[in-house]
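> Residue numbers (numbering that gives the first Met the number 0), protein chains in the order written: chain A, 0 to 302; chain B, 0 to 302; chain C, 0 to 302.
Treat each hint with caution, since some may be false.
Unchecked claim - Computed far set for chain C versus chain A, every beta-carbon distance over 10 Å:
hint, residue
1, 24
2, 193
3, 240
4, 241
5, 245
6, 287
Stated by the list, open to error - Computed list of lysine-lysine pairs in DSS-like fashion (alpha-carbon distance at most 30 Å, straight line):
hint, chain 1, residue 1, chain 2, residue 2
7, A, 81, C, 9
8, C, 9, A, 40
9, B, 40, C, 40
10, B, 40, A, 40
11, C, 81, B, 159
12, C, 40, B, 9
13, A, 81, B, 40
14, A, 9, B, 81
15, B, 81, C, 9
Derived by calculation from the structure, the hints in this document are not laboratory data.
We put the CB at the ideal spot given by N, CA and C, even for glycine.
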Amino acid sequence: MRHEHIISAKQLSRADIEEVLDHAAEIAADPEAYADRHAGKLLGLLFFEPSTRTKMSFTAAIKRLGGDIVDMGPVEYSSVKKGESLADTVRVVEGYADALVMRHPSEGSAQMASEFVDVPLLNGGDGAGQHPTQTLLDLYTIRENAGLDDLTIGIMGDLKYGRTVHSLAHALTNFDVHQHFISPESLQLPRSVRYDLHEEGATIREHTALEEVLSSLDVLYVTRIQEERFPDENEYREVAGEYQIDAGTLEAASDDLTVMHPLPRVDEIDHDVDDTEYATFFEQAHNGVPVRMALLDLLLEGQ
Amino acid sequence: MRHEHIISAKQLSRADIEEVLDHAAEIAADPEAYADRHAGKLLGLLFFEPSTRTKMSFTAAIKRLGGDIVDMGPVEYSSVKKGESLADTVRVVEGYADALVMRHPSEGSAQMASEFVDVPLLNGGDGAGQHPTQTLLDLYTIRENAGLDDLTIGIMGDLKYGRTVHSLAHALTNFDVHQHFISPESLQLPRSVRYDLHEEGATIREHTALEEVLSSLDVLYVTRIQEERFPDENEYREVAGEYQIDAGTLEAASDDLTVMHPLPRVDEIDHDVDDTEYATFFEQAHNGVPVRMALLDLLLEGQ
Amino acid sequence: MRHEHIISAKQLSRADIEEVLDHAAEIAADPEAYADRHAGKLLGLLFFEPSTRTKMSFTAAIKRLGGDIVDMGPVEYSSVKKGESLADTVRVVEGYADALVMRHPSEGSAQMASEFVDVPLLNGGDGAGQHPTQTLLDLYTIRENAGLDDLTIGIMGDLKYGRTVHSLAHALTNFDVHQHFISPESLQLPRSVRYDLHEEGATIREHTALEEVLSSLDVLYVTRIQEERFPDENEYREVAGEYQIDAGTLEAASDDLTVMHPLPRVDEIDHDVDDTEYATFFEQAHNGVPVRMALLDLLLEGQ
Numbered sequence: 000m001r002h003e004h005i006i007s008a009k010q011l012s013r014a015d016i017e018e019v020l021d022h023a024a025e026i027a028a029d030p031e032a033y034a035d036r037h038a039g040k041l042l043g044l045l046f047f048e049p050s051t052r053t054k055m056s057f058t059a060a061i062k063r064l065g066g067d068i069v070d071m072g073p074v075e076y077s078s079v080k081k082g083e084s085l086a087d088t089v090r091v092v093e094g095y096a097d098a099l100v101m102r103h104p105s106e107g108s109a110q111m112a113s114e115f116v117d118v119p120l121l122n123g124g125d126g127a128g129q130h131p132t133q134t135l136l137d138l139y140t141i142r143e144n145a146g147l148d149d150l151t152i153g154i155m156g157d158l159k160y161g162r163t164v165h166s167l168a169h170a171l172t173n174f175d176v177h178q179h180f181i182s183p184e185s186l187q188l189p190r191s192v193r194y195d196l197h198e199e200g201a202t203i204r205e206h207t208a209l210e211e212v213l214s215s216l217d218v219l220y221v222t223r224i225q226e227e228r229f230p231d232e233n234e235y236r237e238v239a240g241e242y243q244i245d246a247g248t249l250e251a252a253s254d255d256l257t258v259m260h261p262l263p264r265v266d267e268i269d270h271d272v273d274d275t276e277y278a279t280f281f282e283q284a285h286n287g288v289p290v291r292m293a294l295l296d297l298l299l300e301g302q
Numbered sequence: 000m001r002h003e004h005i006i007s008a009k010q011l012s013r014a015d016i017e018e019v020l021d022h023a024a025e026i027a028a029d030p031e032a033y034a035d036r037h038a039g040k041l042l043g044l045l046f047f048e049p050s051t052r053t054k055m056s057f058t059a060a061i062k063r064l065g066g067d068i069v070d071m072g073p074v075e076y077s078s079v080k081k082g083e084s085l086a087d088t089v090r091v092v093e094g095y096a097d098a099l100v101m102r103h104p105s106e107g108s109a110q111m112a113s114e115f116v117d118v119p120l121l122n123g124g125d126g127a128g129q130h131p132t133q134t135l136l137d138l139y140t141i142r143e144n145a146g147l148d149d150l151t152i153g154i155m156g157d158l159k160y161g162r163t164v165h166s167l168a169h170a171l172t173n174f175d176v177h178q179h180f181i182s183p184e185s186l187q188l189p190r191s192v193r194y195d196l197h198e199e200g201a202t203i204r205e206h207t208a209l210e211e212v213l214s215s216l217d218v219l220y221v222t223r224i225q226e227e228r229f230p231d232e233n234e235y236r237e238v239a240g241e242y243q244i245d246a247g248t249l250e251a252a253s254d255d256l257t258v259m260h261p262l263p264r265v266d267e268i269d270h271d272v273d274d275t276e277y278a279t280f281f282e283q284a285h286n287g288v289p290v291r292m293a294l295l296d297l298l299l300e301g302q
Numbered sequence: 000m001r002h003e004h005i006i007s008a009k010q011l012s013r014a015d016i017e018e019v020l021d022h023a024a025e026i027a028a029d030p031e032a033y034a035d036r037h038a039g040k041l042l043g044l045l046f047f048e049p050s051t052r053t054k055m056s057f058t059a060a061i062k063r064l065g066g067d068i069v070d071m072g073p074v075e076y077s078s079v080k081k082g083e084s085l086a087d088t089v090r091v092v093e094g095y096a097d098a099l100v101m102r103h104p105s106e107g108s109a110q111m112a113s114e115f116v117d118v119p120l121l122n123g124g125d126g127a128g129q130h131p132t133q134t135l136l137d138l139y140t141i142r143e144n145a146g147l148d149d150l151t152i153g154i155m156g157d158l159k160y161g162r163t164v165h166s167l168a169h170a171l172t173n174f175d176v177h178q179h180f181i182s183p184e185s186l187q188l189p190r191s192v193r194y195d196l197h198e199e200g201a202t203i204r205e206h207t208a209l210e211e212v213l214s215s216l217d218v219l220y221v222t223r224i225q226e227e228r229f230p231d232e233n234e235y236r237e238v239a240g241e242y243q244i245d246a247g248t249l250e251a252a253s254d255d256l257t258v259m260h261p262l263p264r265v266d267e268i269d270h271d272v273d274d275t276e277y278a279t280f281f282e283q284a285h286n287g288v289p290v291r292m293a294l295l296d297l298l299l300e301g302q
């Protein structure tokens, strides 16, 4: 890995991404071979915001590599409460660990923190900013299920606020992918993201209804539409309802469709989809472990 | 272990119980022999409710077997707060661990969760429902101190609401045990539990005063009477006071009496009992480690 | 280590201190040699109050020795909330661990708790009482940077309420040290501490301005002046401002000056000091790991 820190999916070239995904595939094929690889190494966990999936899968990843964690714990119990700056906190904690994962509510905080430390820092989500390990596990899941070349993907739901979506869409421009964006008009891609994708030469199309494109998709990536984005509850229910899917919806899809979701879901994917061949969202969550193992291995190896 | 999940003490036959207790005794006799037995194995901790004893002793147990934990942490910091269903949470987390322990406020939740996962799930307490590992460590403590055959036990305190008591009483019907229940009338065994014990052929008697039976007991199992069960504080004090014991109370007991308590205690056992030969409640808490090591070993071995 | 528990810096003789610091230096010089030394050993963490530095560095320390932790977690999630006494909690938890670290808001609690357990107990701070491992890492940092013999140290800030300061000042009486205390009059050393230092034969002088003594110092130990010690905000700002330092302040200092701070800092040391040769406060925090490794190794070895 030529990078010292992993701050944004945008820093990763196609070669970087393929290095991580190839290594994740090697690890997934023979995890036992990596069980002692980083024995004695400590990963510092700095979660300034709640997290289940990211924190637990980073924990599982370092432990599956033979290492261990040093956890700051909930921020209410930390010296941040005593007015300590983020720069001071990370400079203290780097003395307790061989690498750091940080989640923080402020966009740009991961970049800033990385400038103060000598150990590798991985961004576990910085507010409305980046969440690169989520993007990598999404790419891994797409590649394993549908391939990343000559791919047609539909990304549906809240395309305006979802950092997961922006990051994924950008990363997909490294590959030969047709991207369809499906959302209500009020939650379309922000102009800046659309511009960015065009700049990267992406092939994108926008839709307001899934039917327009469903049958052509290899992958359907669903995200949640949040009630707080709407002025009143009735409008929310009406709009959100149009972007929920169930087993019936998917009858019009290709038999090979892969349905993904970053989770947690509420009701945007009905539980009757869970038992179909389409459902790949739990596998997607589980892929967080080999992908994070691969990243940690590459970063710790480089030290 | 013929079971895949451990949900309820009721699922355990006499043979199952003896398999666990025998194995716990082997482990307690030579813990070093098990120190690397499950190296690399991860136990997922899903505590949707506070716990000290159960969580810490499961943590110690898997670590004493060479394994490690992946902890969801307090529920306020989890995606449950974002509206995720329990079924989704456990299906995600099973991808991070080789077995799961769950504590949850809703009766029946452990059974439900176990139906969604392929890794072993252990119930660490489901509301007013079951807490099978508590029952097993109680049985282990009784067997080590007084034996489970030809045993006379008194169970005292809140017999109406205490799940620990119901579960233990049921499990004891597998052995040759005389069970005495001592409580105020308002906190007697529920009719359904009494019926269940009769169905199982148990020999039970109910009392309102400890003196009626103390001298005949091999084991006295004390539980807490909670203030909130009473309409007013004065009534509580009066009633609860009659079911508190101290060193003086125990002068009428057999020299071999074993006094147990699931802990935490408040004032139902006076501190002057702690230094007597009767006091077995700290040993009982400590027995949680070998008993949970035995269970985990049997479940992980079977995989 | 001739001590079974580490409760107070006052229990440590000069020989004890040197044993710990010498061993910490050995460990820091070759940490790999200690990586499996206490494999399988469990350190119980009982933090009844928030902590970042102490908890994380004890965690790193036991893991760098090959051991692991069993953490009670935040007190809100523990059985302490159900009214359990501290004596009961520690007697339960000692069954899950090979040693205990405890932080508790009540002065004297660590001493009391140690009387109930058979495993080594380390005081991680007991309210206004003692915090001996902080003192040891302070001494280690001083020795590494300036030596403990023929030392001139200035201790500045809140000298009235700071337990860190009292403990350090007392420990320094074991060595050949000139101690200067710099503070506003309202926050001078308490009479009892001053008396104690005189009893120990310490050479101390008190000042209200840093300029009086800065140029003669080998070490400047800065602590925070807290707003809540002052009747009104204006008075606080005026007084506190006089005891803040920046790179300009330090132009009058010796080139070899070592600036320390127990952290977290707010604004008593300006960030422009961080990049100077004087700044030793992050190194000081990091020294918590080898010093705690040394202590744990000595205590666990003795078992």
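> Each hint: holds or not?
Consistency of the hints with the structure:
no.	hint	verdict
1	24	holds, 16 Å
2	193	holds, 28 Å
3	240	holds, 16 Å
4	241	holds, 20 Å
5	245	holds, 16 Å
6	287	violated, 8 Å
7	A/81 / C/9	holds, 28 Å
8	C/9 / A/40	violated, 35 Å
9	B/40 / C/40	holds, 17 Å
10	B/40 / A/40	holds, 17 Å
11	C/81 / B/159	holds, 19 Å
12	C/40 / B/9	violated, 35 Å
13	A/81 / B/40	violated, 38 Å
14	A/9 / B/81	holds, 28 Å
15	B/81 / C/9	violated, 50 Å
Hint compliance for this structure: hints 6, 8, 12, 13, 15 are broken, all remaining hints hold.
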